[in-house]
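> Okay, here's what each chain looks like letter by letter:
Number of protein chains: 2
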Amino acid sequence: MPVGTQASVKALTPGELYTLGAEIILGNTYHLYLRPGHNLIRALGGLHRFMNWHLPILTDSGGFQVYSLSSFRKIEEEGAIFRSHIDGSLHHLSPELAIEIQEALGADIMMCLDTCIPYPAGLEQVRSATDLTTRWAQRCLMARTSDKSLLFAIVQGGMYRQVRQDHTYRLLELGFDGYALGGLSVGEPKEMLFEMIECSRPLIPDYFPVYVMGVGTPEDLVECVAMGVDMFDCVMPTRNARNGMLFTSFGHIVIKNARFADDEGPIDPECGCYTCRNYSRAYLRHLFMARELLSYRLNTIHNLYYYLGLMTEMRRAIEEDRFHRFRKDFYRKRIK
Amino acid sequence: MPVGTQASVKALTPGELYTLGAEIILGNTYHLYLRPGHNLIRALGGLHRFMNWHLPILTDSGGFQVYSLSSFRKIEEEGAIFRSHIDGSLHHLSPELAIEIQEALGADIMMCLDTCIPYPAGLEQVRSATDLTTRWAQRCLMARTSDKSLLFAIVQGGMYRQVRQDHTYRLLELGFDGYALGGLSVGEPKEMLFEMIECSRPLIPDYFPVYVMGVGTPEDLVECVAMGVDMFDCVMPTRNARNGMLFTSFGHIVIKNARFADDEGPIDPECGCYTCRNYSRAYLRHLFMARELLSYRLNTIHNLYYYLGLMTEMRRAIEEDRFHRFRKDFYRKRIK
Numbered sequence: 000m001p002v003g004t005q006a007s008v009k010a011l012t013p014g015e016l017y018t019l020g021a022e023i024i025l026g027n028t029y030h031l032y033l034r035p036g037h038n039l040i041r042a043l044g045g046l047h048r049f050m051n052w053h054l055p056i057l058t059d060s061g062g063f064q065v066y067s068l069s070s071f072r073k074i075e076e077e078g079a080i081f082r083s084h085i086d087g088s089l090h091h092l093s094p095e096l097a098i099e100i101q102e103a104l105g106a107d108i109m110m111c112l113d114t115c116i117p118y119p120a121g122l123e124q125v126r127s128a129t130d131l132t133t134r135w136a137q138r139c140l141m142a143r144t145s146d147k148s149l150l151f152a153i154v155q156g157g158m159y160r161q162v163r164q165d166h167t168y169r170l171l172e173l174g175f176d177g178y179a180l181g182g183l184s185v186g187e188p189k190e191m192l193f194e195m196i197e198c199s200r201p202l203i204p205d206y207f208p209v210y211v212m213g214v215g216t217p218e219d220l221v222e223c224v225a226m227g228v229d230m231f232d233c234v235m236p237t238r239n240a241r242n243g244m245l246f247t248s249f250g251h252i253v254i255k256n257a258r259f260a261d262d263e264g265p266i267d268p269e270c271g272c273y274t275c276r277n278y279s280r281a282y283l284r285h286l287f288m289a290r291e292l293l294s295y296r297l298n299t300i301h302n303l304y305y306y307l308g309l310m311t312e313m314r315r316a317i318e319e320d321r322f323h324r325f326r327k328d329f330y331r332k333r334i335k
Numbered sequence: 000m001p002v003g004t005q006a007s008v009k010a011l012t013p014g015e016l017y018t019l020g021a022e023i024i025l026g027n028t029y030h031l032y033l034r035p036g037h038n039l040i041r042a043l044g045g046l047h048r049f050m051n052w053h054l055p056i057l058t059d060s061g062g063f064q065v066y067s068l069s070s071f072r073k074i075e076e077e078g079a080i081f082r083s084h085i086d087g088s089l090h091h092l093s094p095e096l097a098i099e100i101q102e103a104l105g106a107d108i109m110m111c112l113d114t115c116i117p118y119p120a121g122l123e124q125v126r127s128a129t130d131l132t133t134r135w136a137q138r139c140l141m142a143r144t145s146d147k148s149l150l151f152a153i154v155q156g157g158m159y160r161q162v163r164q165d166h167t168y169r170l171l172e173l174g175f176d177g178y179a180l181g182g183l184s185v186g187e188p189k190e191m192l193f194e195m196i197e198c199s200r201p202l203i204p205d206y207f208p209v210y211v212m213g214v215g216t217p218e219d220l221v222e223c224v225a226m227g228v229d230m231f232d233c234v235m236p237t238r239n240a241r242n243g244m245l246f247t248s249f250g251h252i253v254i255k256n257a258r259f260a261d262d263e264g265p266i267d268p269e270c271g272c273y274t275c276r277n278y279s280r281a282y283l284r285h286l287f288m289a290r291e292l293l294s295y296r297l298n299t300i301h302n303l304y305y306y307l308g309l310m311t312e313m314r315r316a317i318e319e320d321r322f323h324r325f326r327k328d329f330y331r332k333r334i335k
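Top line first, the protein sequences correspond to chains L and Z. Note that numbering that gives the first Met the number 0 has the first sequence beginning at 0, numbered continuously upward. Note that numbering that gives the first Met the number 0 has the second sequence beginning at 0, numbered continuously upward.
To be clear, the hints were calculated from the coordinates, so they are not data collected in a lab. Incorrect hints may have been included.
Copies of one chain are not kept apart here, so a pair can be met inside one copy or by any two copies together.
Restricting the straight-line Cα-Cα distance to at most 25 Å, the calculated cross-link-like pairs of lysine to aspartate or glutamate (DMTMM-like) are [as the list claims (entries may be wrong)]:
#1 Lys-9 with Glu-263
#2 Lys-147 with Asp-107
#3 Lys-189 with Glu-291
#4 Lys-9 with Glu-95
#5 Lys-73 with Glu-318
#6 Lys-332 with Glu-95
#7 Lys-332 with Glu-77
#8 Lys-9 with Glu-291
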């Protein structure tokens, strides 16, 4: 479960992430390209050394942030033209530059630059954006200068089964180290998200890692793992922590709720995280109401512990051939 | 060196403060009275338990925040009337309530409610505010319901030697567990600050702890210790950390300075703190420029390590009877 980062997972140190059991983190190419710049990070020995994280790093291609953050963008055959959300400067992100940046960062897993397709979108728009994603993926393959970093391609195809399936086959033909299912969790109904995974996941041979990008809630993770997904990335555990939404085995709680004002219990009596072992809901509510920086930290530690623990439990259940039972128990606890 | 807090030293956990060597922290009566409320904290077992800090806590009386934060205030014989900076609600802080709150919090050291005198102020105003502070100190003594908490009085007297000296004698007559020199660091010239300490400190017998409130820079601490001061509290190490001003043995650095962009060295090569052992100036500058929460933490850890270390060094130098030499070395390093 990579945890997103612009060379820092917000309130936490790399050492804390390691202690929480994180085995891989995600570095944002868009952010690091704009600030402090990939050439600076390369000169300082790469992102691992720069941020003092010595386990794998996956870098995204920057395409999604160009789509979601930049104030102006234009997609051309050559690449994406966009304005920085920091200073308005104009930039051109080509597939070749996306690879150059990710290699400079020293990524263990790089992602191909893809085009982001909004939801809803018509069939013609989806087809043409998906075809462009294929040509960009091919250029990414060509742009690699070494095999030190793995390269994953991103399946697009909007919400059209046929386009997704065709695209999956096309990318498999080109040959990558792993495959991501992209363009999901963009506002479509949940059944549609699951349908898009269900129709494309089985086409990818089991020895490839399959990565669903930008997903999701604990329930989403369980359902996606049930469909054979291996990897996820999502802001949900960390962003929601900062907003005071805390995940537990029985559902989530909103810490600012007045009923927690004098609650001496931990967030989740079944949780073994640092926050639950040391602080009461009453104290966490106070920190949140007072907007103390410690609030972000303690909440983030809890939510990451929960998410990383959920993934560990699912891995174990699969290894011990009892995933079906695990899934039933997972929902039973939440209903009570 | 108490470190100020509204039940959290901003970016750090109590466990980290302990690891840094902090032996006492300061809880703000004004903040905790308004939010979450002293009765709630009492019901939850006191401030130590609430925030999970098991070493001594000093609480201020709330008087200074009434003076500096509240949107309306009026000082009467009975106490201070003020409006909350949070919701504008009207409150009345009497000496008796200040003690009630501090006892409810479970302070190890309580401070008497005092009146804050602006700088500059005329002799008549200073005399009358100082006399009121004496009467309030007397009422604080009467208001104590147990001897579980020590009670310190605060010497006022503005910038008038005679008024300060008279006030010191007056408070010594009343009899407290320790004495603070207050109303300093309010905009007066440095020589005046030192003169006010110099004229009143020697009047207090050596077996009482002497505490200068709201001071100061590393140089200030060295000079005050040279004059026989034992305790300080100040936002400087933590607030300046959050603003990117980092203290070192050779002076301070401003981390956002462009010359640190590719600087692989630590903040201070002679520093053994977690931040200096693990992160470069280049990375710390990046975190600061990107306004990452981790920036506040790593900078705060460094500055507190520096301040607490400085106090430890001074204690040792005094014990080994070489403070004069220590002080010379301290300034020699900073000049280079």
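> Next step is simple, just say for each hint if it's right about the structure.
The hints, checked one at a time:
{"no.": "1", "hint": "Lys-9 with Glu-263", "in the structure": "between (27 Å within a copy, 22 Å between copies)"}
{"no.": "2", "hint": "Lys-147 with Asp-107", "in the structure": "within (7 Å within a copy, 58 Å between copies)"}
{"no.": "3", "hint": "Lys-189 with Glu-291", "in the structure": "neither (35 Å within a copy, 33 Å between copies)"}
{"no.": "4", "hint": "Lys-9 with Glu-95", "in the structure": "neither (29 Å within a copy, 43 Å between copies)"}
{"no.": "5", "hint": "Lys-73 with Glu-318", "in the structure": "neither (46 Å within a copy, 70 Å between copies)"}
{"no.": "6", "hint": "Lys-332 with Glu-95", "in the structure": "neither (48 Å within a copy, 50 Å between copies)"}
{"no.": "7", "hint": "Lys-332 with Glu-77", "in the structure": "neither (51 Å within a copy, 57 Å between copies)"}
{"no.": "8", "hint": "Lys-9 with Glu-291", "in the structure": "both (14 Å within a copy, 6 Å between copies)"}
Of the numbered hints given earlier, the model fails hints 3, 4, 5, 6 and 7; all others are met.
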